[in-house]
Amino acid sequence: MKFHYYPGCSVRGANSPFEESFLAVCKALGMDMQEIEDWNCCGATAYMAIDEKKALALAARNLAIAEKMGDEDIVTPCGGCYLVLKKSHDCFHGNGHSAKRREIIKKALSAADLSYKGSNRPRHILDVVVNTMGLQAVKDRVVRPLEGIKVAPYYGCQIVRPHNELDGVFYPMALDHLLEALGAEVVDFPMKARCCGGSLTGTVGKIGLELSQILLTEAKRRGADVIATACPLCHFNLSSYQDQVSKEFGGGGMPTAYFTQLMGVAFGMSVTEMGLQKNLVTCDKLMKLGASTAKAQPAEVN
Amino acid sequence: MKKITRQVKYEDDLELGFGAEISEKLGCENLDRCIQCGTCSGVCPMSVYMDLTPRRMINMTRAGLKDDLLDSYSIWLCSSCYACTVQCPREIKITDIIYALKQKAIQEGRHPKRFPIPVLATEFHRMVRNHGRINEGLLAAKMFAKTDPRKLISNAKLGLALMKRGRFVLGHENIKGREELRKILDAVDGEQEATR
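If you read the protein sequences in the order shown, they are chains A and B. Mapping of the first sequence onto our numbering: residues 1 to 302, in sequence order. Mapping of the second sequence onto our numbering: residues 1 to 196, in sequence order.
Hints were generated in silico from the structure; no laboratory data involved. It should be emphasised that the depicted structure is a prediction, and the values quoted were computed from it without experimental measurement. Built from N, CA and C at the ideal position, the CB exists for glycine as well. One or more of the hints may lead you astray.
Derived DEER-like restraints, expressed as beta-carbon distance ranges [stated by the list, open to error]:
hint, chain 1, residue 1, chain 2, residue 2, range
1, B, D32, A, D90, 38 to 44 Å
2, B, G109, A, G168, 37 to 43 Å
3, B, P89, A, K107, 34 to 40 Å
4, A, K288, B, A145, 55 to 61 Å
5, A, E37, B, K146, 31 to 37 Å
Derived contacts from chain B toward chain A, CB cut-off under 10 Å, selection only [stated by the list, open to error]:
hint, residue
6, I4
7, K25
8, L77
9, Y99
10, I106
11, I117
12, E136
13, L152
14, K176
15, K183
16, D186
Residues of chain A placed beyond 10 Å of chain B at every Cβ, according to the derived structure [unchecked claim]:
hint, residue
17, M1
18, L114
19, N131
20, Q277
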């Protein structure tokens with residue numbers, strides 16, 4: 001199945017293990033990811049604070065280029081990119097946007113000889129895996145079930161809000177079901193869609209760190225071996241700042257992994273293929289499983 | 001003893017068209033529907049840190065208390081998690097309204113000096129214009145340099161840890177269509193000027 005791939009700046013930078021595992025897992029599921037040519041930054045939350053029309057036009061350039069390549073859905077592993085691209089996409093379909101605003105964006109695109117009809121839908125990879133590829137396809141690929149690994153599923157904000165394409169804005173279950181399909185023991189984690197602090201962790205550190213600390217502590221209290229994240233920015237907050245979190249609040253040492261890394265290990269891929277050794281707080285149980293040589297051959301994908 | 005102070009506002013302190021101006025912005029059209037129920041503040045993970053909670057920001061926007069809003073810290077504390085927006089019984093996109101307030105404050109240069117959040121937004125905007133893509137590490141470094149250079153040192157350890165794992169990219173990734181991107185952004189400015 002063909003898709004347009006929008007990486008976003010974050011998985012091309014500090015969250016490169018997300019992209020490595022994402023692409024490998026997509027390939028294993030028979031997803032043909034074609035990177036949007038010469039894509040630009042989506043604008044994230046920062047640009048929206050500068051100028052909303054420019055932010056929409058910035059994201060629209062990517063949509064227009066993707067549409068030129070074909071009508072397939074646009075898939076991104078980043079929660080922020082998903083939200084911004086969706087917001088811009090919605091602008092072309094009404095959805096609460098004024099005709100005047102739409103005209104401005106269209107004219108701006110045409111200044112660069114681009115146009116966008118709105119045929120392709122931006123989607124987050126979690127939604128595509130669970131709702132398009134399906135849990136059965138995932139189960140069919142599992143050769144190394146994540147038995148005995150307790151996972152806290154963490155969705156973050158922008159994958160589930162304000163657009164709800166999974167199954168709930170505060171207590172979604174898609175990632176829970178996916179992890180179950182991988183054989184993991186899923187921990188009930190009511191904080192699963194609470195904000196990790198986003199960019200505030202880098203700006204007003206005290207507050208940002210506290211938000212992350214609440215999530216880390218709660219995951220630990222519920223007995224999780226690892227937190228599975230679905231967004232590069234959440235992952236960065238929950239793993240990279242653990243030193244600073246423990247300095248400020250004590251505790252610490254809560255392993256984190258991108259959910260695609262968990263998929264890859266269950267699919268029989270190695271630690272290095274999944275970039276697990278690059279995670280800042282690694283999960284021993286997962287590393288051990290990923291290093292195990294008992295590798296059954298997965299069925300061929302058509 | 002807690003001291004109770006009350007600052008009385010007179011009509012001269014208000015900007016009466018402010019609410020109407022904000023409702024023109026993206027997602028802000030339902031501003032007037034607010035019934036002040038406070039659901040937004042209740043569900044907001046940031047409201048415990050805010051001097052003006054989301055509910056108050058909405059009402060102050062309608063009332064035209066522009067100065068108090070734009071000079072507040074609260075507008076910057078919104079992390080865009082959209083919890084308020086999806087819970088609002090009146091379908092008000094509170095997150096978007098707070099974005100509009102941030103835009104106003106940046107345009108008018110009214111944010112607290114050396115306050116990292118608006119500096120980050122401004123540097124982000126510049127980096128996108130110049131390169132087409134963001135380099136998170138360099139963006140953070142620029143922000144710290146312009147706000148609190150000591151943070152450059154305290155964050156160096158994290159930078160090194162990422163570098164060791166091949167997760168720190170030094171150079172800027174430039175897109176080919178930088179000129180094209182600038183044309184798009186300038187065209188929006190031109191259109192906004194024309195419709196003003």
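For each hint, the structure was consulted:
At roughly 22 Å, the beta carbons of D32 (chain B) and D90 (chain A) sit outside the given window of 38 to 44 Å. Take G109 (chain B) and G168 (chain A): their Cβ atoms lie about 41 Å apart, and the range 37 to 43 Å holds. For P89 (chain B) paired with K107 (chain A), a C-beta distance near 37 Å keeps the hint of 34 to 40 Å intact. Evaluation of the 55 to 61 Å hint for K288 (chain A) and A145 (chain B) yields a failure: the beta carbon distance comes to about 42 Å.
Take E37 (chain A) and K146 (chain B): their Cβ atoms lie about 34 Å apart, and the range 31 to 37 Å holds. Annotation: I4 (chain B) was flagged as interfacial toward chain A, and the flag is violated, the nearest CB pair being 27 Å apart, outside 10 Å. Using the Cβ-Cβ criterion of 10 Å, the hint placing K25 (chain B) at the interface with chain A is satisfied: the shortest such distance is roughly 6 Å. Because the closest C-beta pair between L77 (chain B) and chain A is about 7 Å apart, less than 10 Å, the hint holds.
Hint status for Y99 (chain B) relative to chain A: holds, with the closest Cβ pair at about 5 Å, below 10 Å. The interface hint given for I106 (chain B) holds, since its Cβ lies 6 Å from the closest Cβ of chain A, which is under the 10 Å cut-off. Here the hint on I117 (chain B) is kept, as its CB sits about 5 Å from the closest CB of chain A, short of 10 Å. The criterion of a C-beta within 10 Å of any C-beta in chain A is met by E136 (chain B), whose closest approach is roughly 5 Å, and the hint holds.
Annotation: interface hint on L152 (chain B) violated; nearest CB of chain A at approximately 12 Å, more than 10 Å. Satisfaction of the interface hint for K176 (chain B) is found here, the shortest Cβ-Cβ separation to chain A being roughly 5 Å, below the 10 Å cut-off. Taking 10 Å as the C-beta cut-off, the interface hint given for K183 (chain B) holds, the closest approach to chain A being about 5 Å. The closest approach between the C-beta of D186 (chain B) and any C-beta of chain A is roughly 7 Å, which is under the 10 Å cut-off, so the hint is satisfied.
A cut-off of 10 Å between C-beta atoms confirms that M1 (chain A) is not in contact with chain B; the least separation is 27 Å. With a least CB separation of 8 Å from chain B, L114 (chain A) falls inside the 10 Å interface cut-off, contrary to its annotation. No Cβ of chain B comes within 10 Å of the Cβ of N131 (chain A); the nearest lies about 19 Å off, and the non-interface call holds. Not every CB of chain B lies more than 10 Å from the CB of Q277 (chain A), the least distance being 8 Å, so the non-interface label is violated.
When each numbered hint is compared with the structure, violations occur for hints 1, 4, 6, 13, 18, 20.
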